[in-house]
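*Asks:* Starting from the known structure of chain A, arrange chain B on it as the hints suggest.
Chains A and B are the protein sequences, given in the same order. Residue 47 in my numbering sits at position 47 of the first sequence, with consecutive numbering throughout. Offset between the second sequence (1-based) and my numbering: plus 88.
Please keep in mind that the hints were generated in silico from the structure rather than gathered at the bench.
Covered stretches of chain A (in silico footprint by chain B; criterion: 3 or more residues with CB under 8 angstroms from a CB of chain B, positions within the stretch not fixed): (1) 17-29; (2) 43-49.
For lysine to any residue, the following SDA-like pairs were computed, each having C-alpha atoms within a straight-line distance of at most 20 angstroms: (3) A:61 - B:297; (4) A:42 - B:171; (5) B:312 - A:7; (6) A:66 - B:171; (7) A:66 - B:296; (8) B:242 - B:200; (9) B:214 - A:25; (10) B:285 - A:71; (11) B:186 - B:205; (12) A:50 - B:132; (13) B:197 - B:149; (14) B:230 - A:46; (15) A:81 - B:286; (16) A:10 - B:248.
What you are looking at is a predicted structure, and each value in this text was computed from that prediction instead of being measured. All C-beta atoms, glycine included, are put in the ideal place defined by N, C-alpha and C.
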Amino acid sequence: MVGVEIDLEKLEEERRRNRMDMLRHVDWVVDQIKKDHKKWLKMHVEWLWKSRKAQLAMFEKLGFTKKDIIELLEEEEEIRKALSGRDL
Amino acid sequence: MFIKGLDVDILEKMWSRFRGRKFVSVTNALFLNREDRLILLEKEELGPEDELILDFSEVLNAHNVRYAVVAGYLSILFGRNRRTDDVDVVVEEMDFGKFRMLCRSIIEKGFEALQVDISIEEGVKKLYNEYFMAGYKPRFVKKGVLLPNIEFKKASNTLEEYVLDNFYTVLIGDKGSIKISPLELQIAYKLWLGSDKDIGDARFLYKLFENFLDVGELRMWCEKLGVGMEWLE
Chain A
1 MVGVEIDLEK LEEERRRNRM DMLRHVDWVV DQIKKDHKKW LKMHVEWLWK
51 SRKAQLAMFE KLGFTKKDII ELLEEEEEIR KALSGRDL
Chain B
89 MFIKGLDVDI LEKMWSRFRG RKFVSVTNAL FLNREDRLIL LEKEELGPED
139 ELILDFSEVL NAHNVRYAVV AGYLSILFGR NRRTDDVDVV VEEMDFGKFR
189 MLCRSIIEKG FEALQVDISI EEGVKKLYNE YFMAGYKPRF VKKGVLLPNI
239 EFKKASNTLE EYVLDNFYTV LIGDKGSIKI SPLELQIAYK LWLGSDKDIG
289 DARFLYKLFE NFLDVGELRM WCEKLGVGME WLE
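Next comes chain A alone, as it looks inside the complex:
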């Protein structure tokens, strides 16, 4: 790992390309919603429902309480506030 050289300019270029890729994907999502918003919404709900169910099972396994989850959310909100307006 010591010998790994990082070309930061190249990484920046990839970050830019990644954003372009994300924008393309957003266009695609918008197209899907325009085509059939009910189908898209149904798919979205099913995905979130299944994800949340798995997440809750994980929290339970790890012994998280509601208080722990609220604290985590509050911490994330603080990070968001601290970083708002930051130029990336």
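*Replies:* Quick look at chain B alone, frame taken from chain A:
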């Protein structure tokens, strides 16, 4: 017992945990064996992202494609409370012949590409030349299910090459295995990306594995990327 994507060596190493060797307990559901670069994760209920990548990794393993899962999904895998609609997979560069064979197996496994129809030769060529080789990401989904998706990226920098050579294998209960980026590099890279979501991911992984990370390695990656570690504290 049949486990997706596992070979006998890995299975043997997995069972060594039960013989009380090498693995340390990170949480009551997470065990780490740094020496063999193995992580055991007990997860009784899989999320859609887990199911997707377990199925996809089976195809990659069948074709001996070097790969590693990177980015946001890793923190979700280990329990962070957020969602992502894409699972990022870095793969080695491959020639068109191998890419075409892979696409065939991807279809057989019930996937399709979002950008083009890969059931026809023209589609596969387009996906290879205009996306994969051009540095954009082909996206694969389970047929008819558009969320979540696999983002399939060709390794194109030294960090991604490092990840392919130094992956960890995560055994997800008895449900299968995936290869992931080393955590120290992942945390430093997320700090470099720098959005609130990325920093949240970095903090989550750092706090979860805090006592088990190689802090020297983490510091070295942060220095190379030119980022501070203050967000981790």
